[in-house]
Amino acid sequence: MSELFDQFVVEAQELLETAGAALLALERDPADRASVDELFRAFHTLKGSSALFDMAPFTRLVHAGEDTLSLLRDGRRGMTPELADRLFRALDQCARWVAALEETGALPADAAAAETLVRGLSGGSADGDAAAGAGQPDGQSDAFPWVATLTGDERGAVGEGALTVIDYTPDPECFFTGDDPLALFRRVPDLRLMRIEPTEPLPPLAQMDPYRCILRFRALSGAGVEAVTPAFRSVPDQVRIGSVTLAPVVPSPVAAPPDSLAAAMLEEQARILDLPGGTAERQSRRAAVARTVTAILTALGRPAERAAVETACADGGTLRRFLADGPADKPTDAEPRPAAPAPSPAPRRALRVEPERMDALMALVGELSVMKGQLGPLVRRAGDGELARDMKAFSARLDSLVGDLRHAALRLRLLPLARVFDPLPRLVRDTARRLDKTVELVLEGAETEADKDILDVLGEPLLHLVRNALDHGIEAPERRTASGKPPGGTLRVRGFQDKGGVVVEVSDDGAGIDPAAMRRVAVAKGLLAPDAAAALGDDDAVRLVFAPGFSTAGSVSDLSGRGVGMDAVRAAVERAGGRVEIASTPGSGTRVRLALPLTLSITRVVVVEAAGSLYGIPVTLVGGVQRVPRADIHGVKRAESIVLRDRVVPLVRLRRLLGQPDDERVQGERQRAADCVVLAELSDGPVAVAVDDVGERADVVLRPMTGVLRGLRGYAGTAVLGDGRLILVLDLRELL
Amino acid sequence: MLVVDDAVTVRAFSRRVLEADGFVVDEAVNGIEGLERAMAAPPDLVIVDVNMRKMDGYTMLRVLRRDPSLRDVPAIMISTESKDSDREQALLAGANWYIVKPPRPEVLVEAARLLTGRPVDAEGAP
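First to last, the sequence lines map onto chains H and Z.
Under numbering that gives the first Met the number 0, the first residue of the first sequence carries the number 0, and numbering increases by one thereafter.
Under numbering that gives the first Met the number 0, the first residue of the second sequence carries the number 0, and numbering increases by one thereafter.
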């Protein structure tokens with residue numbers, strides 16, 4: 000069953016997600032019919048699918064949810080924040096259970112304890128609606144669906160008419176509280192049927208705890224509810240008692256084994272013939288009944304002429320008579336009709352691939368790219384004969400194929416940002432409700448794709464940023480109104496692709512961050528000397544939120560800004576080769592931008608040259624490349640700087656960083672008129688890196704340093720360029 | 000035969016149970032797709048869920064019963080509801096048999112064999 004089980008887990012996860020989104024939409028607009036339907040359907044499907052497995056608490060919980068939603072759907076109950084909370088809790092519980100199912104294959108042992116949630120839902124008429132109270136005897140048979148699954152033999156044993164149903168799931172610890180489930184049933188008058196089933200898959204014998212009761216008792220009694228109830232007086236919370244009316248088992252006139260499915264089906268066909276309906280409708284029903292009856296008789300080894308059956312299908316009575324004395328005794332040697340070949344099924348389903356296999360594929364693609372790169376120099380060496388021309392054409396085709404292959408392999412790992420956006424509506428809803436703020440969340444670009452590794456990196460920081468924006472950014476409604484803003488705040492989360500990477504922006508229209516307050520706190524915490532703080536530009540002051548040790552709970556309250564864990568956000572993003580930017584306008588809001596590479600497997604670098612060697616700088620960190628006239632480089636001793644877009648940017652020389660002698664062209668008489676400068680965008684601010692030359696941009700597979708080189712700081716790893724040349728990829732944050 | 004249900008788990012369950020008994024099983028996720036598949040290759044039996052988006056099981060059966068080439072195809076309706084009124088509604092829509100979810104594998108197989116004319120007691124594939 001495990002494949003089926005896996006499928007259930009995946010289906011349940013999807014349904015729970017759908018349900019969560021629908022519930023959020025419904026809470027916003029209680030008149031949203033489509034969302035009610037969506038939500039109802041999700042619970043309904045979960046109920047049906049979970050019932051295939053032995054997970055009664057789960058099925059009960061979603062069943063209760065379904066019942067509540069059907070009241071909601073029929074307008075017999077209104078949506079309230081409390082009801083939404085209950086449904087959210089139910090969804091959360093289900094999600095936890097599904098996670099446990101995925102992990103261990105079974106519900107956690109305490110699953111049965113979730114009955115309070117079930118009661119919260121089904122008995123949730125606390126808000127004054129007309130739904131039946133929990134625990135009351137229930138007159139409807141659909142409260143006890145198992146009754147409908149009685150086998151023919153069981154039906155015969157219990158008889159017909161009004162019966163009392165008992166559904167008793169003893170507390171697992173019942174043996175310690177003195178309850179003896181079986182003894183209770185001995186006190187039930189006119190007990191006609193009892194089923195004992197395990198509530199969870201039975202553990203291997205060695206692990207079985209005989210002192211825990213993991214059984215469920217289901218029984219039918221001929222006595223009335225009031226006569227049965229006293230037997231269970233000591234366990235009212237563990238038992239459900241109700242009444243059902245069982246239709247009489249129609250004695251079949253067919254010469255088939257009594258109580259057989261076939262007999263019941265044949266009788267049903269007779270009933271169908273007598274159902275009301277238009278002429279055309281009844282005619283087609285008749286055709287279906289005739290074919291069905293023919294098939295059943297064939298299956299029973301008593302084939303009949305289709306024509307004769309069709310004649311007999313005039314009405315129910317005729318059919319019953321035909322079946323009673325018809326072809327019953329004719330021996331048969333007819334071939335059973337084989338099932339017709341059906342077209343091969345093509346249900347669409349996503350493929351689940353082990354991450355290791357993906358990694359292996361990516362590694363191979365990387366190797367292939369490198370091998371392909373070495374073909375170029377070989378071809379060049381071949382000169383320009385006919386063979387060389389053919390080789391060039393071949394090499395070009397191989398080039399584009401390998402490019403396509405790499406692109407395709409990369410795409411396999413791409414997933415939409417929706418995966419990290421999906422939890423946000425719920426987070427915003429819950430947090431805003433807790434803080435008594437009104438916040439509208441606007442999500443944009445959820446379809447933007449990024450590598451799964453990157454999404455994993457993004458998830459936590461994003462939650463952090465959103466929580467911070469709600470907590471410290473967006474003001475309470477009164478304060479917003481006082482400053483002339485609408486009482487409800489807006490939080491915008493936007494994803495898009497930029498420069499071969501993925502960018503996620505979180506912006507709010509809250510109070511913004513006050514640079515003056517940031518300077519004060521930095522000084523108070525001893526992070527900056529007073530004069531250094533005073534010299535800090537406003538942007539740099541705001542950027543202090545990312546400084547390690549800046550933000551603690553104490554500092555947050557006297558700041559209009561944010562703080563908790565912003566350095567953790569920055570660290571996580573930078574570890575993945577990305578960067579964080581922040582822009583804030585006091586009084587009107589804050590925008591934080593996370594820029595990450597599209598994937599961790601392939602790094603896009605700008606190739607630069609210094610002292611005759613090639614290096615790579617990750618493109619995500621490069622803000623621009625330009626030539627800066629020497630005259631524009633201002634030097635104070637050995638510290639140099641340039642002015643870029645009205646900002647003073649420190650300038651460093653890569654040669655010096657790497658411990659290489661300065662370019663003699665710099666020292667010599669014929670000084671170069673300009674320097675090649677790569678603008679590195681680091682979280683602390685931009686730095687201009689002067690290099691000897693700037694080459695192409697290249698996608699490389701980054702290999703971390705190994706062996707003795709591992710201790711070397713300042714290098715992210717090595718990589719091989721398309722033409723086979725080796726480069727060192729710089730870790731500028733370490734170097735600078 | 001054709002299994003129409005929007006729950007992938009239920010479809011997979013039915014497929015597994017029925018294929019194990021030698022049936023050839025096709026799947027569809029809603030009434031519309033079910034009708035399309037049935038029209039493309041008339042099945043010997045359709046097993047239809049009630050509650051599906053786009054087109055529910057009742058509607059699908061009604062349309063099926065109006066199609067000249069499909070109107071006599073035996074149909075099982077499968078539902079989580081066990082009330083008599085639900086059963087009645089299924090039969091009115093055109094079902095020949097009604098099974099309450101979750102179906103027990105042996106019941107599903109026996110019903111499928113009966114409705115397709117395969118010997119119930121004999122083992123083995125057709």
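Derived from the structure by calculation, the hints contain no laboratory data.
Where is the CB? At the ideal position from N, CA and C, for every residue including glycine.
A portion of the hints provided could be inaccurate.
Stated by the list, open to error - Derived contacts from chain Z toward chain H, CB cut-off under 8 Å, selection only:
#1 R15
#2 E18
#3 S68
#4 V106
#5 T115
Said to hold, decoys possible - Listing some non-contacts, in silico: residues in chain Z with all C-beta distances to chain H over 10 Å:
#6 T8
#7 I31
#8 M54
#9 Y57
Outcome of the hint check:
no.	hint	result
1	R15	holds (6 Å)
2	E18	violated (10 Å)
3	S68	violated (11 Å)
4	V106	holds (7 Å)
5	T115	holds (6 Å)
6	T8	violated (4 Å)
7	I31	holds (15 Å)
8	M54	holds (13 Å)
9	Y57	holds (13 Å)
Comparing the model with each numbered hint stated earlier shows that hints 2, 3, 6 do not hold.
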